[in-house]
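A.B. asks: Spelled out from the first residue to the last, the chains are:
Number of protein chains: 2
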Amino acid sequence: MVASKRIGQQTLAFQNPPVILGAVAIVGQKEGEGPLGGFFDQIEADPLLGEKTWERAESRLLQQAANLCLQKADLVPGDVDFLLAGDLLNQIIASSFCARELNVPFLGLYGACSTMAQGMALGGMLIDGGMAELVLNCVSSHHETAERQYRYPTEFASQRTQTAQWTVTGAGAIVLGSSSFAKTGLARVTEATLGRVVDYGIKDPNNMGAAMAPAAADTIAQHLADTDRKPSHYDAIITGDLGTVGKKLVLQLLEQKGWQVPSLLHDCGEMIFDAAQDAHAGGSGCACSATVFCSYWLKKLQAGALKRLLFVATGALFSPTSYQQGESIPSVAHAVVVEGMPNGGGS
Amino acid sequence: MVASKRIGQQTLAFQNPPVILGAVAIVGQKEGEGPLGGFFDQIEADPLLGEKTWERAESRLLQQAANLCLQKADLVPGDVDFLLAGDLLNQIIASSFCARELNVPFLGLYGACSTMAQGMALGGMLIDGGMAELVLNCVSSHHETAERQYRYPTEFASQRTQTAQWTVTGAGAIVLGSSSFAKTGLARVTEATLGRVVDYGIKDPNNMGAAMAPAAADTIAQHLADTDRKPSHYDAIITGDLGTVGKKLVLQLLEQKGWQVPSLLHDCGEMIFDAAQDAHAGGSGCACSATVFCSYWLKKLQAGALKRLLFVATGALFSPTSYQQGESIPSVAHAVVVEGMPNGGGS
Numbered sequence: 001m002v003a004s005k006r007i008g009q010q011t012l013a014f015q016n017p018p019v020i021l022g023a024v025a026i027v028g029q030k031e032g033e034g035p036l037g038g039f040f041d042q043i044e045a046d047p048l049l050g051e052k053t054w055e056r057a058e059s060r061l062l063q064q065a066a067n068l069c070l071q072k073a074d075l076v077p078g079d080v081d082f083l084l085a086g087d088l089l090n091q092i093i094a095s096s097f098c099a100r101e102l103n104v105p106f107l108g109l110y111g112a113c114s115t116m117a118q119g120m121a122l123g124g125m126l127i128d129g130g131m132a133e134l135v136l137n138c139v140s141s142h143h144e145t146a147e148r149q150y151r152y153p154t155e156f157a158s159q160r161t162q163t164a165q166w167t168v169t170g171a172g173a174i175v176l177g178s179s180s181f182a183k184t185g186l187a188r189v190t191e192a193t194l195g196r197v198v199d200y201g202i203k204d205p206n207n208m209g210a211a212m213a214p215a216a217a218d219t220i221a222q223h224l225a226d227t228d229r230k231p232s233h234y235d236a237i238i239t240g241d242l243g244t245v246g247k248k249l250v251l252q253l254l255e256q257k258g259w260q261v262p263s264l265l266h267d268c269g270e271m272i273f274d275a276a277q278d279a280h281a282g283g284s285g286c287a288c289s290a291t292v293f294c295s296y297w298l299k300k301l302q303a304g305a306l307k308r309l310l311f312v313a314t315g316a317l318f319s320p321t322s323y324q325q326g327e328s329i330p331s332v333a334h335a336v337v338v339e340g341m342p343n344g345g346g347s
Numbered sequence: 001m002v003a004s005k006r007i008g009q010q011t012l013a014f015q016n017p018p019v020i021l022g023a024v025a026i027v028g029q030k031e032g033e034g035p036l037g038g039f040f041d042q043i044e045a046d047p048l049l050g051e052k053t054w055e056r057a058e059s060r061l062l063q064q065a066a067n068l069c070l071q072k073a074d075l076v077p078g079d080v081d082f083l084l085a086g087d088l089l090n091q092i093i094a095s096s097f098c099a100r101e102l103n104v105p106f107l108g109l110y111g112a113c114s115t116m117a118q119g120m121a122l123g124g125m126l127i128d129g130g131m132a133e134l135v136l137n138c139v140s141s142h143h144e145t146a147e148r149q150y151r152y153p154t155e156f157a158s159q160r161t162q163t164a165q166w167t168v169t170g171a172g173a174i175v176l177g178s179s180s181f182a183k184t185g186l187a188r189v190t191e192a193t194l195g196r197v198v199d200y201g202i203k204d205p206n207n208m209g210a211a212m213a214p215a216a217a218d219t220i221a222q223h224l225a226d227t228d229r230k231p232s233h234y235d236a237i238i239t240g241d242l243g244t245v246g247k248k249l250v251l252q253l254l255e256q257k258g259w260q261v262p263s264l265l266h267d268c269g270e271m272i273f274d275a276a277q278d279a280h281a282g283g284s285g286c287a288c289s290a291t292v293f294c295s296y297w298l299k300k301l302q303a304g305a306l307k308r309l310l311f312v313a314t315g316a317l318f319s320p321t322s323y324q325q326g327e328s329i330p331s332v333a334h335a336v337v338v339e340g341m342p343n344g345g346g347s
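From first to last, the protein sequence lines stand for chains F and W. First residue of the first sequence? That's 1 in our numbering, and the numbers climb one at a time after it. First residue of the second sequence? That's 1 in our numbering, and the numbers climb one at a time after it.
Certain hints may be false.
In this list, chains with the same sequence are indistinguishable; a pair is considered to hold if it fits within one copy or across any two.
Claimed, not checked - Listed next, the in silico DSSO-like pairs over lysine-lysine satisfying Cα-Cα at most 27 Å (straight line):
no.	residue 1	residue 2
1	Lys203	Lys248
2	Lys52	Lys203
3	Lys307	Lys230
4	Lys183	Lys5
5	Lys203	Lys5
Honestly, the hints are just simulated from the structure, not real lab data.
Just chain F, same shape as in the assembly (with noise of 0.2 Å):
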C-alpha cells in the first residue's frame, strides 16, 4: 500500500481516500428552527437533554451524535479503531465523558471550531497509512457552557454586540473508513491542508470572525499554492464559522492574494441561522461547521448536485484567561477536500 503523498508545504493527497460512511448532526431548537433545520438528524427541544448541568447535556449531545452516527453506518463502538473528539469546554470534558461511555482508543483533540476538520484529516491520515480502519469523529459546542465560559452566563443578560456570534448548540459526527469499503461510501476525503496558526492581532472575544478570517485566508491560499489550482476546481469552498464579518473580511483577503471567489465561498455561520433569528454575525461553535457539514453539504454531495467541496474549519484558539491578560487571539484553519463517491453515494 502507498501511503498519502505528500504536496507542496501543507498539502496530504490520500493514496486511498478514506470513506464517509456515515455522518449525523443533532442541534438544539434554536438551530432546527433555522433555514437548515429540514436537513439535521435531530433537534432538541430540551437545552439540557433532561440533565442538571449545560455541561451534561452538551457531552449527552456528543454521545448521541455518536450513537446514531454508528448505528446508520452499521456499526458499534468495539468496531472504532479511535475516536478523535474535541469541544470548546475546558479540557474537552464533553468528549472526554463520551470516550469513556464509547470505551474505545481516545485521542482528544484540541483545534477549537476547526476540530472537525482537524479530525477528519488526521483520521484520514491514520486510515490511509493503515494504522486504522474505522475513526469516529466528532465534536460539540454548547450556546449555554459556551457564553458561561468566554465572556457571560446568559442569565446576566448582557448585550451583544453586532459582530457578536451565537454559539450552535449541538454536534456532528462522522465514521471514516477505509477505502474497503468505498462500496458503502457517502462521499470520500481525498486530501487535507493543514493549517499554522496565525494571528493579525485582534483582541475582541466578540469578534471572532475577524480573528478567524486570516487564518482561513491562509489555509485557502496554501491549499491552492499546493496544488496549484484555480478556486474553481470546487464547487464549493466552505468555510467553518466566520459569519458575516468574517466572511466580508476573508474574501478580502484572499481577494489581496489575487483570488476572487465571493460566489464560491460559503459560510456555516452565515447558513445556520437567518436575520431574523437575532444571532446577530452568525453561528460560532464546533458544532456549527460540523452541523453544516454533516447535514446539508454531505446530503448535496450525495444528491450528486455538487460533486467537490473545499471544507475549512476555522478555530479561534484563545482562552478567557488570555484575552482577559490582554493577549490578541490566534487562529487556526484547517481543510479537508471532500468528493462525491464517482458512482453515486452509498444510500
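Got chain F sorted already, so can you dock chain W onto it with the hints?
C.D. replies: Leaving out everything else, chain W in the frame of chain F:
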C-alpha cells in the same frame, strides 16, 4: 512502504520505526533542585521567565523547549511537517501561542498529563505511514497556572492534602524523524498502545494518582495482552505521574490482573522530587513525565544502560467545572515502546 501493523485491540507496531532526533527537558527551580536536577537541559530560576503572567511564562517554557530541541537536532522550524502540542491550560493556550511563533502546521492535542505519549504515538503513526518526515512533539505545565486553574491560586496558601501532587513547572520536547534519519537517532519508537478512558469514580482533584492508576493498569495490561508478552520484556515500565499513591494502586491493579511488576515499574511523579521537597504524593502535570522521559530515561537508553522501555503517560481528564458539578475524574493512559538504537545512539 509497508505501514504500521495492528496487533491486538489497541496496539500498533511501526514497520519503519520513527527515531528520536532530539529531546529537551526544561524545568523550574524546584524540579532542578530535585534528585534528577543533573539530567535536565535547562533550569529556569525565575518562575515568570521574565514575563508578566504565569500563562505567558508557561508558553515561553514551551517555546524554549521546542527551539532548543530543533537546534539540538540541527533543524529549523520550517523543516518540521507538523507540530503536535498540548498542555493543561484552558484551550491549551500555551501550545497555541507556541504554534504561532513556530509557524508550522499545528495539531493541538488534549490528553492532560498523557499528552507527550499521545503525541509520540500520533507522531509515530504519521511518520510510519509516510505522511510526515519530521514531527515536533511538545508539552508544558506550570505549577502556578495549574494550581490557580484547577484548585486554588497559590497566594491563597490553602493546605495541601497528603494525596495531592505538585504540578511540575517545565516543558518537554521531542523531534521524531522517519527511519531515513536512523543514523543520527538517539532512540526509536517501535510500538504504540492507545488508551481507552477509564473511570473508577474518584472525585477528589487532590488525589489524581488514584484517578489515573486504573487507566495506567488498563493500558499496560492491554499492551501485554496485545503483544503476548510478559512485563520482563522491558527493562523498565515508566508511568507518567501517578505519584506515590497512584503507583501503589497501579501495582495492586496489575497484580489483580496477574502481573507482579514492583521492581520494573518506575513513576516519573515519584522520581522528580524527593521527600524533603514537600511535594507530598509527587510530581504531576504534562511536563512531569515529559521532562523525566526526555532527560533521565532517554539518557539511559542512549548510554545503553537500558535497551527497551514501555513509557506510559497518564492523564486525568477533568475540569474544575466537572468536579465542582460532582462528576468523577475519567482518565486515560497512552503507551509507547522506546528502544535504544541497534548500534548505539547518534550523539
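A.B. asks: With reference to the structure, classify each hint as holding or not holding.
C.D. replies: Outcome of the hint check:
For a Cα distance limit of 27 Å, the shortest separation of Lys203 from Lys248 inside one copy, 19 Å, qualifies, whereas the shortest one across copies, 47 Å, does not. Proximity of Lys52 and Lys203 under a CA criterion of 27 Å is satisfied inter-copy only: 18 Å between copies versus 34 Å inside one chain copy. Proximity of Lys307 to Lys230 under the C-alpha cut-off of 27 Å is restricted to the intra-copy arrangement: shortest distance 16 Å within a copy versus 52 Å between copies. When the C-alpha separation of Lys183 and Lys5 is checked against a cutoff of 27 Å, the pair qualifies both within a copy, at 24 Å, and between copies, at 24 Å.
Taking the shortest alpha-carbon separations for Lys203 and Lys5, neither the intra-copy value of 38 Å nor the inter-copy value of 46 Å comes in at or below 27 Å.
In summary, the structure is inconsistent with hint 5 from the numbered list given earlier, while agreeing with all the others.
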